[in-house]
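Student: Starting from the structure of chain A, add chain B where the hints point.
Protein chains in written order, with my numbering: chain A, 1 to 215; chain B, 1 to 215.
One copy or two, it doesn't matter: identical chains are merged, so the pair holds either way.
Derived DSBU-like pairs (lysine-lysine); straight-line CA-CA distance at most 35 Å: (1) 62 to 49; (2) 146 to 62; (3) 96 to 136; (4) 154 to 5; (5) 5 to 73; (6) 44 to 80; (7) 44 to 73; (8) 25 to 62; (9) 146 to 44; (10) 115 to 154; (11) 136 to 146.
Hint data in this document are derived by calculation from the structure and do not stem from the laboratory.
2 protein chains.
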Amino acid sequence: MRIPKHIGVIPDGNRRWAQNNGMSKEMGYDEGLNPGLELFRTCKKMGVKELTYYGFTVDNTKRPSVQTKAFTKACVDAVKMLENEDASLLVVGNHKSPMFPEELKEYTTRKDFGKADMKVNFLVNYGWNWDLGNLKFDETTTSRNKIIENINSKDISRLDLIIRWGGRRRLSGFLPVQSIYADFYVVDDYWPDFKPGHINEALNWYETQDVTLGG
Amino acid sequence: MRIPKHIGVIPDGNRRWAQNNGMSKEMGYDEGLNPGLELFRTCKKMGVKELTYYGFTVDNTKRPSVQTKAFTKACVDAVKMLENEDASLLVVGNHKSPMFPEELKEYTTRKDFGKADMKVNFLVNYGWNWDLGNLKFDETTTSRNKIIENINSKDISRLDLIIRWGGRRRLSGFLPVQSIYADFYVVDDYWPDFKPGHINEALNWYETQDVTLGG
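Chain A extracted, bound-state conformation (with noise of 0.2 Å):
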């Protein structure tokens, strides 16, 4: 089976299943702590070696308080809860910024955890436009390479595979340089109801597909 090397991950609809569960919408976030841990073990045991996991970003700091902090809150155990497995750690996103929470201001340099054989990488208070904000370059310049370099995600590398739970199918900033030649995979269910059997959906749709890479 072709296994994709890199898997990025949206987690959408926390807060869809927690009113259809009659909780406040907050309430969900907690609930997708569990399928996050499940889905890196199911995609380690798989043979996938690096996994990204949409977090946060900065438009949805403008959401109101007692979402934000639930849901940083959400990011913040994730990232804990992958520390007693085999991975490398790296949180990504805008560090300088106040909504950035401080017990994780540590993982913006890769740590290794265990056999550390899977790099995991998390966006949280993540932009796309802080991504790209800090590309320079002289007027002749449009090296693919430069900026891959150049962009402030330049540690996390091109997707294969790009699977977002809840239905929608946009990438909503989601890595554009990244993202680019990526396949895209959209499971109708909300992540809180996550099954591994999603994955095995997701890598079996992705066997049928081609790579190209835009050639």
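Tutor: Quick look at chain B alone, frame taken from chain A:
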């Protein structure tokens, strides 16, 4: 009905269509011309204000020259075809390269035809890295407007909806900045099998989506 202002069109599957119909691959491109016109007219009738067609990319020009010639000619013909419509035409791409067709140079600034009440953009010899390659910031600038004003495709507005024909679920370098919040709809039929019903399907689906712009 909620009509997207700006639709991006990825007209993929010409070569696969040709092969399925017993032709050599490069013969598929010509079959995409009438669909392009029909799509324009359908969208216009529905009140869409701007259309962007993915013509060809710098990546594509690495294909066998018989194909490169065929898709370049099809792009030139597509632009010329729309001169007879009420359209405001713009061609965006690396026009300093020899792969850019001479005949389209005059369209690298917008040209109005008839009532010119719909913007139509064509990406011709376009590359995502060419597009981003002009960005210049000082380190503290992550302003969205500054990014949007400095990309090489700055005359093309934000996309609301992207429709890709040919079944593949990826952007393949299509306007990474304008695509950030776009909804992405995939039609399994190959582009030469376009029918106006595809637009109805896509718009019916789009109608059910919310617009959050990342919020």
